[in-house]
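*Asks:* Residues per chain, in single letters:
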Amino acid sequence: GNSVTQMEGPVTLSEEAFLTINCTYTATGYPSLFWYVQYPGEGLQLLLKATKADDKGSNKGFEATYRKETTSFHLEKGSVQVSDSAVYFCALTRPPYQLIWGAGTKLIIKP
Amino acid sequence: NAGVTQTPKFRILKIGQSMTLQCTQDMNHNYMYWYRQDPGMGLKLIYYSVGAGITDKGEVPNGYNVSRSTTEDFPLRLELAAPSQTSVYFCASSPPTGTNTEAFFGQGTRLTVV
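Which chain is which? The protein sequence lines are A and B, in order.
Note that my numbering has the first sequence beginning at -4, numbered continuously upward.
Note that my numbering has the second sequence beginning at 133, numbered continuously upward.
To be clear, the hints were calculated from the coordinates, so they are not data collected in a lab.
Careful, some of the hints might be misleading.
To be verified - Derived pair list, reagent style EDC-like, types lysine to aspartate or glutamate, alpha-carbon separation capped at 20 Å:
| id | chain 1 | residue 1 | chain 2 | residue 2 |
| --- | --- | --- | --- | --- |
| 1 | B | K141 | B | E211 |
| 2 | A | K55 | A | E10 |
| 3 | B | K189 | B | D170 |
| 4 | B | K176 | A | E37 |
| 5 | A | K72 | A | E3 |
| 6 | B | K189 | B | E211 |
| 7 | B | K141 | B | E234 |
| 8 | A | K47 | A | E64 |
| 9 | A | K51 | A | E37 |
| 10 | A | K105 | A | E64 |
| 11 | A | K101 | B | D170 |
| 12 | B | K141 | B | D205 |
| 13 | A | K47 | A | E37 |
| 14 | A | K47 | B | E211 |
| 15 | A | K51 | B | E234 |
| 16 | A | K105 | A | E11 |
| 17 | B | K176 | A | E71 |
| 18 | A | K55 | B | E234 |
| 19 | B | K141 | A | E58 |
| 20 | A | K105 | A | E71 |
| 21 | A | K101 | A | E64 |
Please construct the entire structure, taking both the sequences and the accompanying hints into account.
*Replies:* Right, here's the structure in full:
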C-alpha cells in the first residue's frame, strides 16, 4: 500500500545552515506529493506541493523535487532561520480523498 | 476569512464521559476529515465525509461517531471517553477538484482523558 517515510527528528541546526529533511514514499500510480508545516500550537498548513515527476515545489525559500526514480521528495532550504522551527510533514495523495502522512520531523533552529 | 474553525481548543474529560468536538468551514468544501495526532506520530484518519449526508470510516474510527447534516459542519462525537483517546484532534477540509488539491486545517483540539 501507499506509505511515506520521513527522517526521524528532532533535527537541530544553527541559523543560516543548510537544511535537508528526507522523505521517501511507496505508491501505486502517480500520486501528488506535499510538504506541510505545523508551527507550535497551530494546525498544519501547506508549505509546497508537486503533482508530477520532476516537478519542483517551492515556497518561503523551501524547495522539494518530485523524484520518481528514487521515490523521494526531500525538503531543502539554503539558509534556515529561527522562525523555521516547526514540525514538517511529508504526505502523498491516495485518490480520491485521502492524504497519507509521514510521522513528521521536528526542526529546531538555534540562533 | 475564517477557514476551518474547531472548538474547543482544550478539554479534559473523565473516563466514560462523552463530548462533541465541533468543526465548521466557510469555504464550501465538499470533503471534510477528522484526524488524530498522537505525540511523535503522523496523522491518523478517523472519519471523512465527501458531502452532506455522506460519511465513512478512516483508519481509526473505533470509539468515535460523526455526522454531516450540512456542508459547513462536521462534528466528531466521543461517546465513552477512554485514556487511549488522549490526543490532538484536527479537522480539515478540501475541495473535490482533483487529487492535488490542498487540505485546510483547523487549529486543533487538545483532549486529555483522565
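*Asks:* Starting from the hint list further up, note which numbers the structure goes against and sort them upward.
*Replies:* 7, 9, 10, 13, 14, 17, 19 and 21
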